[in-house]
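Engineer: Given the structure of chain A, go ahead and fit chain B onto it with the hints provided.
Here the protein sequences line up with chains A and B, keeping their order.
Quick note on numbering: the first sequence equals residues 1 to 112 in my numbering.
Quick note on numbering: the second sequence equals residues 1 to 446 in my numbering.
If you're looking for bench data, these hints aren't it; they were derived computationally from the structure.
Keep in mind the model is a prediction, meaning the values are calculated, not measured.
Don't be surprised by glycine CBs; every beta carbon is placed ideally from N, CA and C.
Wrong hints could be hidden among the right ones.
Said to hold, decoys possible - Computed cross-link-like contacts, EDC-like style, restricted to lysine to aspartate or glutamate with a CA-CA straight-line distance of at most 16 Å:
hint: 1; chain 1: B; residue 1: LYS221; chain 2: A; residue 2: GLU50
hint: 2; chain 1: B; residue 1: LYS335; chain 2: A; residue 2: GLU50
hint: 3; chain 1: B; residue 1: LYS331; chain 2: A; residue 2: GLU50
hint: 4; chain 1: B; residue 1: LYS64; chain 2: B; residue 2: GLU422
hint: 5; chain 1: A; residue 1: LYS5; chain 2: A; residue 2: GLU75
hint: 6; chain 1: A; residue 1: LYS2; chain 2: A; residue 2: ASP110
hint: 7; chain 1: A; residue 1: LYS5; chain 2: A; residue 2: ASP84
hint: 8; chain 1: A; residue 1: LYS9; chain 2: A; residue 2: ASP84
hint: 9; chain 1: A; residue 1: LYS2; chain 2: A; residue 2: GLU50
hint: 10; chain 1: B; residue 1: LYS286; chain 2: A; residue 2: GLU50
hint: 11; chain 1: A; residue 1: LYS2; chain 2: A; residue 2: GLU97
hint: 12; chain 1: B; residue 1: LYS64; chain 2: B; residue 2: GLU435
hint: 13; chain 1: A; residue 1: LYS17; chain 2: A; residue 2: GLU62
hint: 14; chain 1: B; residue 1: LYS286; chain 2: A; residue 2: ASP54
hint: 15; chain 1: A; residue 1: LYS2; chain 2: A; residue 2: ASP68
hint: 16; chain 1: A; residue 1: LYS90; chain 2: A; residue 2: GLU71
hint: 17; chain 1: B; residue 1: LYS221; chain 2: B; residue 2: ASP339
hint: 18; chain 1: A; residue 1: LYS2; chain 2: A; residue 2: ASP54
hint: 19; chain 1: B; residue 1: LYS221; chain 2: A; residue 2: ASP54
hint: 20; chain 1: B; residue 1: LYS221; chain 2: A; residue 2: GLU44
hint: 21; chain 1: A; residue 1: LYS9; chain 2: A; residue 2: ASP88
Said to hold, decoys possible - Derived DEER-like restraints, expressed as beta-carbon distance ranges:
hint: 22; chain 1: B; residue 1: ALA281; chain 2: A; residue 2: ASP67; range: 46 to 56 Å
hint: 23; chain 1: A; residue 1: ASP68; chain 2: B; residue 2: THR63; range: 42 to 52 Å
hint: 24; chain 1: B; residue 1: SER366; chain 2: A; residue 2: HIS42; range: 51 to 61 Å
hint: 25; chain 1: B; residue 1: GLU421; chain 2: A; residue 2: GLU44; range: 22 to 32 Å
hint: 26; chain 1: B; residue 1: TYR438; chain 2: A; residue 2: THR66; range: 37 to 47 Å
hint: 27; chain 1: B; residue 1: LYS335; chain 2: A; residue 2: LEU13; range: 34 to 44 Å
hint: 28; chain 1: B; residue 1: THR63; chain 2: A; residue 2: GLY37; range: 22 to 32 Å
hint: 29; chain 1: B; residue 1: LEU98; chain 2: A; residue 2: HIS42; range: 20 to 30 Å
hint: 30; chain 1: A; residue 1: GLU75; chain 2: B; residue 2: THR63; range: 35 to 45 Å
hint: 31; chain 1: A; residue 1: LEU13; chain 2: B; residue 2: GLY439; range: 17 to 27 Å
hint: 32; chain 1: A; residue 1: THR107; chain 2: B; residue 2: ALA281; range: 56 to 66 Å
hint: 33; chain 1: B; residue 1: LYS331; chain 2: A; residue 2: LEU13; range: 34 to 44 Å
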Amino acid sequence: MKLIKAIIKPYKLNDVKEALSSKDLARMTIYEVKGFGRQKGHKEIYRGSEYQVDFIPKLAVEIVVTDDQAETAMEAIRQAAHTDSIGDGKIFVIDVEQAMRIRTGETGADAL
Amino acid sequence: MLYKYKQKAVVAGMTLMASAAWCAEGASQTTDTGDTAWMLTSTALVLLMVPGLAMFYGGLVRTKNVLGTMMHSFVAMALIGVLWMVCGYALCFGSNVLGGFIGWNSDYFMLRGIDESITNGVPEYVLAMFQGKFAIITPALISGALAERVYFRGYCLFIALWFLLIYCPLCHWIWASDGWLFNAGANGVIDLAGGTVIHVSAGTSALVIALLLGARRGYPKTAIHPNNLVMTLMGAGLLWVGWFGFNAGSTVHSNLDTARALTMTQISAASGALTWIVIEAVFFRKATSLGFASGVLAGLVVITPAAGVVLPSGALLLGACSACVCFYALKLKDKFGYDDSLDCFGIHGVGSGLGVILLSFFIRKSWMASAAANTDAGSWSAINQFFVQLQGLGSTIALAAIGTTIIYFIVEKTIGFRIDEEGELAGLDYTLHGEHGYGMINVDAS
Chain A
1 MKLIKAIIKP YKLNDVKEAL SSKDLARMTI YEVKGFGRQK GHKEIYRGSE YQVDFIPKLA
61 VEIVVTDDQA ETAMEAIRQA AHTDSIGDGK IFVIDVEQAM RIRTGETGAD AL
Chain B
1 MLYKYKQKAV VAGMTLMASA AWCAEGASQT TDTGDTAWML TSTALVLLMV PGLAMFYGGL
61 VRTKNVLGTM MHSFVAMALI GVLWMVCGYA LCFGSNVLGG FIGWNSDYFM LRGIDESITN
121 GVPEYVLAMF QGKFAIITPA LISGALAERV YFRGYCLFIA LWFLLIYCPL CHWIWASDGW
181 LFNAGANGVI DLAGGTVIHV SAGTSALVIA LLLGARRGYP KTAIHPNNLV MTLMGAGLLW
241 VGWFGFNAGS TVHSNLDTAR ALTMTQISAA SGALTWIVIE AVFFRKATSL GFASGVLAGL
301 VVITPAAGVV LPSGALLLGA CSACVCFYAL KLKDKFGYDD SLDCFGIHGV GSGLGVILLS
361 FFIRKSWMAS AAANTDAGSW SAINQFFVQL QGLGSTIALA AIGTTIIYFI VEKTIGFRID
421 EEGELAGLDY TLHGEHGYGM INVDAS
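Isolated chain A, as found in the complex (with noise of 0.2 Å):
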């Protein structure tokens, strides 16, 4: 299993969960997360000041897949948020050992 793990612009959101829907693949869990990369923050104006603003505000996705279903996960995920401008966001893929349904007490890929 994996656990795909994507920073995006917060307003792609919905066109993230919709496609990662679209393939099957209809559950994530969010957190608003801020940072800075290559776009290096912005510029707010307070009372006529512009202040440069290092850490912006993203929205963090995780969902966690098959071996098999990660590849398309991140596709999906690729295209949905994706603008071509900079600050677009990253994705990674970590390896999850063990998977548990609290309800059930099912495991593996039957518990996601």
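Structural biologist: Relative to the frame of chain A, chain B by itself:
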């Protein structure tokens, strides 16, 4: 405040509001329900501005200081609220003592001699409480300049001393019937609702205290973000609404003068807000919400001294001028490096100072005619009034600057004013109040 109108325009030389004579005759007077109802409403409206100010300032600081900053405004309601009852009213509206530096009337001490008193149709309790609200909001305004970096105890001592040594004398000079600025020139310094007494005094003290305290750690290198502009906007809205009590209530009547003051207040606030967002749109291609709120305040503070004497076109111009001048005044702190954190000097001091001066050129004819009638020569010009206004402004700035410097050293050398480094980094909320403004994670939400 417009005790002035009452005495000078209606019955020149009539027994003054602040004189003890009323107490004796007060009981026999009847209440004017119209005036009294409006003054009760105004009193409540002005008090509403204090939580409004707390929200305005509270939203502008960082999350870790939101409660400490709001408490700066709230504690003034309690601390100055008590001091006002004990001796503030006596010091402001008693007769001249100490060569006119301040007033005193033992009947007003603990408000014990006004139980039966009705003045010009309004119970004196209402007038005393109305005035008390102004005394509360003025030191709270200064908290914008010392945000995020002072001990709560030091702040409390500071505003108590500031109230006694700066607010009370100024209020006496400008609004008490025997105050020297009240009687300057043909018809006194024009200051309807506190351009000098409240905004210029608070603004000047804000600049002085920002210079003496030094900047917040990390300023201006680290960006210091507002934690909640939504709250700031709601606060600005409350201030705008409350300002009708502030300005229109200051006519101490419910009549033509009141209607004029209310109208000019609305026009100037709207004009200031519109001007500010247009400036931003031109320079930044964006109209910001904080810019809008700043423009509202710029328009309100400039009209505060002037709402009783200018015409609608004058109010429109004053609001626009104030927004332009304040917009540039805010840049001064970047240039000179002082940390007037929430721009008390840049908006209240500069905007209202501008109003005190500029109003001389927009005064309605009837006011000028009554001023001229008060002079031996029978004439009075805008330039004459301009110099009277300068005198009022200069005295206010001098008293506020010198007094604040002295009080700063008293507080810093005794119980401490500037908070220690660890407390500043951890934030005032936890360090000084043991609380957090916002729940980070509500672990047992169900």
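Engineer: None of the hints should be skipped; say for each whether it holds.
Structural biologist: Results for each hint:
Under the criterion of a C-alpha separation no larger than 16 Å, the hint pairing LYS221/B with GLU50/A is consistent with the structure, at around 12 Å. Our distance criterion of 16 Å between C-alpha atoms is met by LYS335/B and GLU50/A, whose separation comes to about 14 Å. A distance of roughly 11 Å separates the Cα atoms of LYS331/B and GLU50/A; the hinted pair therefore holds under the 16 Å criterion. Taken as a hint, the LYS64/B and GLU422/B pair is honoured in the structure, with Cα atoms around 13 Å apart against an allowance of 16 Å.
Straight-line distance between C-alpha atoms of LYS5/A and GLU75/A comes to about 13 Å, which keeps the hinted pair within the 16 Å bound. Proximity of LYS2/A to ASP110/A is assessed by CA-CA distance (about 14 Å); at most 16 Å being required, the pair is judged to hold. For the given pair, LYS5/A sits about 20 Å from ASP84/A by alpha-carbon distance, which is inconsistent with the 16 Å threshold. Of the supplied pair hints, the one linking LYS9/A and ASP84/A holds, its CA atoms being roughly 12 Å apart against a limit of 16 Å.
Between the alpha carbons of LYS2/A and GLU50/A the distance comes to roughly 42 Å, so the proposed pair goes past 16 Å and is violated. Simply put, LYS286/B and GLU50/A have alpha-carbon atoms about 12 Å apart, close enough for the 16 Å limit, and the pair holds. At roughly 9 Å between alpha-carbon atoms, LYS2/A and GLU97/A fall within 16 Å of each other, so this suggested pair holds. Among the hinted pairs, LYS64/B with GLU435/B is consistent with the structure: their alpha-carbon atoms are about 10 Å apart, no more than 16 Å.
This hinted pair checks out: LYS17/A and GLU62/A have alpha carbons roughly 11 Å apart, not beyond 16 Å. For the proposed pair LYS286/B and ASP54/A, the alpha carbon gap of about 20 Å is over 16 Å, so the pair is violated. With a CA separation close to 9 Å, the supplied pair LYS2/A and ASP68/A stays within the 16 Å bound. With a C-alpha separation of about 15 Å, the suggested pair LYS90/A and GLU71/A falls inside the 16 Å cut-off, and the hint holds.
The suggested pairing of LYS221/B with ASP339/B holds, with an alpha-carbon distance near 12 Å, which does not exceed 16 Å. In summary, the hint linking LYS2/A to ASP54/A is not supported, as the alpha carbons are separated by about 31 Å, beyond the 16 Å threshold. For a cut-off of 16 Å, the pair hint linking LYS221/B to ASP54/A stands: about 12 Å separates their Cα positions. Of the supplied pair hints, the one linking LYS221/B and GLU44/A holds, its CA atoms being roughly 15 Å apart against a limit of 16 Å.
Proximity of LYS9/A to ASP88/A is assessed by CA-CA distance (about 6 Å); at most 16 Å being required, the pair is judged to hold. Our hint of 46 to 56 Å for ALA281/B and ASP67/A holds, since their Cβ atoms are close to 54 Å apart. At about 45 Å, the CB distance of ASP68/A to THR63/B agrees with the hint of 42 to 52 Å. With their beta carbons about 55 Å apart, SER366/B and HIS42/A fall inside the hinted range of 51 to 61 Å.
At about 27 Å, the beta-carbon gap between GLU421/B and GLU44/A stays in the expected band of 22 to 32 Å. The given range of 37 to 47 Å is respected by TYR438/B and THR66/A, whose C-beta atoms sit roughly 40 Å from each other. The beta-carbon spacing between LYS335/B and LEU13/A, approximately 42 Å, falls within the hinted interval of 34 to 44 Å. Restraint check, THR63/B to GLY37/A: a C-beta distance of roughly 25 Å satisfies the suggested window 22 to 32 Å.
The supplied range of 20 to 30 Å is broken by LEU98/B and HIS42/A, whose beta-carbon atoms lie about 58 Å from each other. Between GLU75/A and THR63/B, the C-beta spacing of about 39 Å keeps the proposed range 35 to 45 Å intact. LEU13/A and GLY439/B have their C-beta atoms about 24 Å apart, which keeps the hinted 17 to 27 Å range intact. Separated by about 59 Å at the C-beta atoms, THR107/A and ALA281/B satisfy the suggested range of 56 to 66 Å.
For the pair LYS331/B and LEU13/A, the beta carbons lie near 38 Å from each other, so the given range of 34 to 44 Å is met.
Of the numbered hints stated above, those contradicted by the structure are hints 7, 9, 14, 18 and 29, listed in ascending order.
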